Amino acid sequence: MTANGWFQIVLFLGLILAVTKPLGVYMARVFNGDKTFVDPVFRPLERLIYRLTAVDENHEMRWSEYAVAMLFFSAVSMTVLYAILRLQGHLPLNPQKFAGVSPEHLAFNTAASFTTNTNWQAYSGETTMSYFTQMAGLAYHNFVSAAAGIALAIAFIRGIARRQMETIGNFWVDMVRASLWVLLPFCVVGTLLLVSQGVVQNLRPYDTVKLVEPQQVQKNRADGKPMVDAAGKPVMETVSRQRIAQGPVASQEFIKEWGTNGGGYFNANSAHPFENPTPLSNLIEMFAIFAVSSGLTYTLGRMTGSQRHGWAVWSAMAILFLAGVSTVYWAEARGNPLYAPNVDQHASAVQSGGNMEGKEVRFGIANSALWATITTDASCGAINSWHDSFTPLGGLVPLVNIMLGEIIFGGVGAGMYGMLIFVLLAVFIAGLMVGRTPEYLGKKIEAYDVKMAMLVVLIFPLIILAFSAVSAVKPYGTAGILNPGPHGLSEILYAFTSGAGNNGSAFSGLTVNTPWYDTTLGVAMLAGRFLMIIPMLAIAGNLARKKHVPPSLGTFPVTTPLFTAVLIGVVLIVGALTFFPALSLGPILEHLLMYAGRTF
Amino acid sequence: MKKNLVISVLMTVVTTVLLGIVFPLLMTAASQLLFPDKANGQLIVRDGKVIGSRIIGQPFTGPGYFHSRPSAAGFGYDAANSGGTNLGPTNRKLIDRVNQDAAALYAENRNAPVPVDLITTSASGLDPDITPAAAYFQVPRVAGERHISPEEVGELVRSHIQPRQFGFLGEPRVNVLELNLALDRTTGP
Chain A
1 MTANGWFQIV LFLGLILAVT KPLGVYMARV FNGDKTFVDP VFRPLERLIY RLTAVDENHE
61 MRWSEYAVAM LFFSAVSMTV LYAILRLQGH LPLNPQKFAG VSPEHLAFNT AASFTTNTNW
121 QAYSGETTMS YFTQMAGLAY HNFVSAAAGI ALAIAFIRGI ARRQMETIGN FWVDMVRASL
181 WVLLPFCVVG TLLLVSQGVV QNLRPYDTVK LVEPQQVQKN RADGKPMVDA AGKPVMETVS
241 RQRIAQGPVA SQEFIKEWGT NGGGYFNANS AHPFENPTPL SNLIEMFAIF AVSSGLTYTL
301 GRMTGSQRHG WAVWSAMAIL FLAGVSTVYW AEARGNPLYA PNVDQHASAV QSGGNMEGKE
361 VRFGIANSAL WATITTDASC GAINSWHDSF TPLGGLVPLV NIMLGEIIFG GVGAGMYGML
421 IFVLLAVFIA GLMVGRTPEY LGKKIEAYDV KMAMLVVLIF PLIILAFSAV SAVKPYGTAG
481 ILNPGPHGLS EILYAFTSGA GNNGSAFSGL TVNTPWYDTT LGVAMLAGRF LMIIPMLAIA
541 GNLARKKHVP PSLGTFPVTT PLFTAVLIGV VLIVGALTFF PALSLGPILE HLLMYAGRTF
Chain B
1 MKKNLVISVL MTVVTTVLLG IVFPLLMTAA SQLLFPDKAN GQLIVRDGKV IGSRIIGQPF
61 TGPGYFHSRP SAAGFGYDAA NSGGTNLGPT NRKLIDRVNQ DAAALYAENR NAPVPVDLIT
121 TSASGLDPDI TPAAAYFQVP RVAGERHISP EEVGELVRSH IQPRQFGFLG EPRVNVLELN
181 LALDRTTGP
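From first to last, the protein sequence lines are chains A and B.
Numbering follows this note's numbering, in which position 208 of the first sequence is assigned residue number 208; successive positions increment by one, without gaps.
Numbering follows this note's numbering, in which position 70 of the second sequence is assigned residue number 70; successive positions increment by one, without gaps.
Among chain A residues calculated to face chain B with C-beta under 7 Å, some are:
1. F72
2. M135
3. V200
4. P277
5. P279
For lysine-lysine, the following PhoX-like pairs were computed, each having C-alpha atoms within a straight-line distance of at most 20 Å:
6. K35(A) - K21(A)
7. K233(A) - K219(A)
8. K210(A) - K49(B)
9. K93(B) - K225(A)
10. K546(A) - K444(A)
11. K444(A) - K547(A)
Pulled a few chain A residues facing chain B out of the computed Cβ check, cut under 8 Å:
12. N4
13. F73
14. V76
15. Y140
16. S196
17. P248
18. H272
19. G335
20. N336
21. L338
22. G358
23. V361
24. E590
The set of hints was computed from the structure by calculation and includes no laboratory data.
Predicted model, so just to flag it, every value in this text is computed and none were measured.
Glycine included, each C-beta is placed from N, C-alpha and C at the ideal position.
Take the sequences, apply the hints, and build the full model.
Have a look at this one:
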C-alpha cells in the first residue's frame, strides 16, 4: 500500500461527496417537474415522445398500475432485444458479419441480463455482437433499465413523502424524465470526455495491422485443442498480424457506468485499453458509477423534507464503502504468498507490486481495488481487473458487497430503494427495542410494511443459495468450474449472487454459456429484479396512503449518528446471518489454506 | 392494462430510435470531428503501413526487444479477443507458471528479483504497458543483444516512463511498443 494509493481513494470519495448536493437538488427538481437549465432542449423532446407514445403526462398511478407499466415495458423491450440478438445476421451495421446469437439460451440469458440492469455477459462482445446490436440492443437497455431503476426509487421516495394519497406518480413520465434529464445530457459530455482520453468511437471494420515482431503460436485443431505432430510436440505457426476490434465504444461506455449497467463492449470490459485507456478515464468511469446513486440520497432528503436524514444514509454508505475498499487494497497489495521469493511483489517508486495477475499496469493495485469495491457496492459489474484472480480476501469483499444487497450507494435507483428497505427494518428494530410503534419520517411502520420488507430481504438469498447449492453438487454445475478447491465454490456462489443482485461482474473462470447456467442465471436475474420491485412498490403505495404523525418523544430520530450506526448494524447482521456459512466454505477457507501453502 | 401495453410497444420503438440509434450516431460524428485520431484507436503508421495501435499491446519475445507481459487474449495479444486467464490465487496452474517463468528470468538476469507484472497476465491481455521496474529489469539483456551500452538503453527507458497522470493518478508505466519502436530507430531493427 502506498500513500499515493490512499490519496487516490480519498480523492475519489471527495469527488463523490462534492457532487451529491448539486446532483441531488437537480434530480429533485426534475422529478417534481420544476424548471432546470436543460428544459429548453428536453421539454419539447419530452412532449414529442408523449405525443408519439400516447402518454398522458398528468395521469397519476396507484402502485399496482406503476408496477404493471414497468413490467410491461420490461417484457416488451426484452422481447425486442431477444429478437435483435437472434436476427443480428440480417440487420445492418455488421461489418464483421456476425451471425445471429446462438444458442437460444445464450440469447435469453443476454436479453434478461440487459433488461434487468445486470449486464452479466456469457458471451464475448467483440467476437459475438455487431455494431447495431451493441448500440440499439445493448447500449439502449443501458439507458432504459437505468431510467426504470431511477423511476422506481423516485416512486418510493414519493410514497414516503406523500400523505393520504393513493398514487405515487406516473411510470412513463418518471422513466422518460430520468432518461432525458438524468442520463442523456451527462452521457453526451461523458462520452466526449472519454473519447478525448482514447476510448474509440467509430463504425469502421476491425483493423488488421502488421506486428513489429511476428510471434510463434501453437496451432490449434478445429476443435480448439492444440495440434501435435507425430512426436507429440505442439505444432507452431507464425502470426505476423494483429486484428484490432473497433466500434461505437465510448457512447456505450459512459452510460455503462452512469447507469450502473456494467456490460463491457469488449470481453475485457473496462480493463480493455479501448474502453479505459488512461488513469483519468478510469477516474471518470468510477466517478460515473457512484454519482447518481450518491445524489439520490440528497434527493431523498430534499423530497421528504429531512436533509439530515439523507446525509445519515449517505454516511452509512460511505463508511461501508471505506471498510470494503481498505480491505481489498490491503489484501491485494500483500500479493500472493505462493509465488516464489524471487518474485518482487513489493510496492516501490517503480512498480505498484502486489497481486498483479489479471490487473493492468496503468491501474496497479490501488485503482484495481478501488474499482472492484465500487462496481460491487453499486450494482454496476463493470470491471477493470479480474475478480476471479484476486486473493481470497480481496475477492471476498466484492462478493460480500453484492450479498449485502448493493446498498452501498448501489445501482442507480435500485441502491436507493434497496437501502430504504433496510432503513425501514432499522427503524422497526429500534422501535422494538424501546417498545414503541416504529415511525419513519412521520409514517407509522406497521405489520404490512415490515412483511413486505422481509419478503425483499428473503427472496434475494433464497435465489442465490438455492441455485448455488444445486450447482455445487450436480455435474452440470461443477463441470463449469475453472479453479478447483474452495475457489470453485466461490465461482458458483459469485455467479448467482451477481445474477440475483443484478450486478453482472463475475468470477469469470466459471464456464457459464451452458444450458444450465444460462437458464438459471437468466431466471435469477429476472427474479432478483422483478420479485424485489413488487413488494417494494407495495410498501411505497401503502406508505403514501398513511397520514402524517408528528414526531413525539418516543420517535427514534433518523438523522443522527446513532441511526447511521444502527443502519450499518442491520445491514451487516442480515448479510452475515444469511451468507456467512457459505462464505466460510469458499473464500475464507481458501484464504486459510493459501497461507498454509496449499494449491489445487 | 391494455393501454399500458400499447404504450410499452410505442415507448420501446421511440426510445430505441432516440437512445439506441440517434444518440450513438451523433456521438460518432462528434467524436470523428473533434478527436479523429483518438476515436479511431491511435493507429501508428511506419513506412506507409499500419503497424499497431499506440494503446494496444503487442507480443515481444525476441531477446533484442523489451518484452510485454504474458497475455491470455486469444493466442496472445489478439486484439479481437481480449481477456485474462481467470486463474485463482491457489490454482496450481497459475503458481507453477509464475514460479517457472520467475526462475528462468531470475537466472537470465544475474539473480535480480523479477518484477511481478512481468510474469503475470494482464486483465485485458492487451496491456500496452509494463512497470518501470520491469523495463529496467530487461535493460542488460536488450543492451547485450543490441551491442549498445546499458546506460544508453537505461536512458531510453527513463525517457519513456509515463509518470502518473497529473502527477497523482494511476501508476507510472512504460509503453512497450513505443519503447521498442524507439529502440529500432536508435539501432535499426
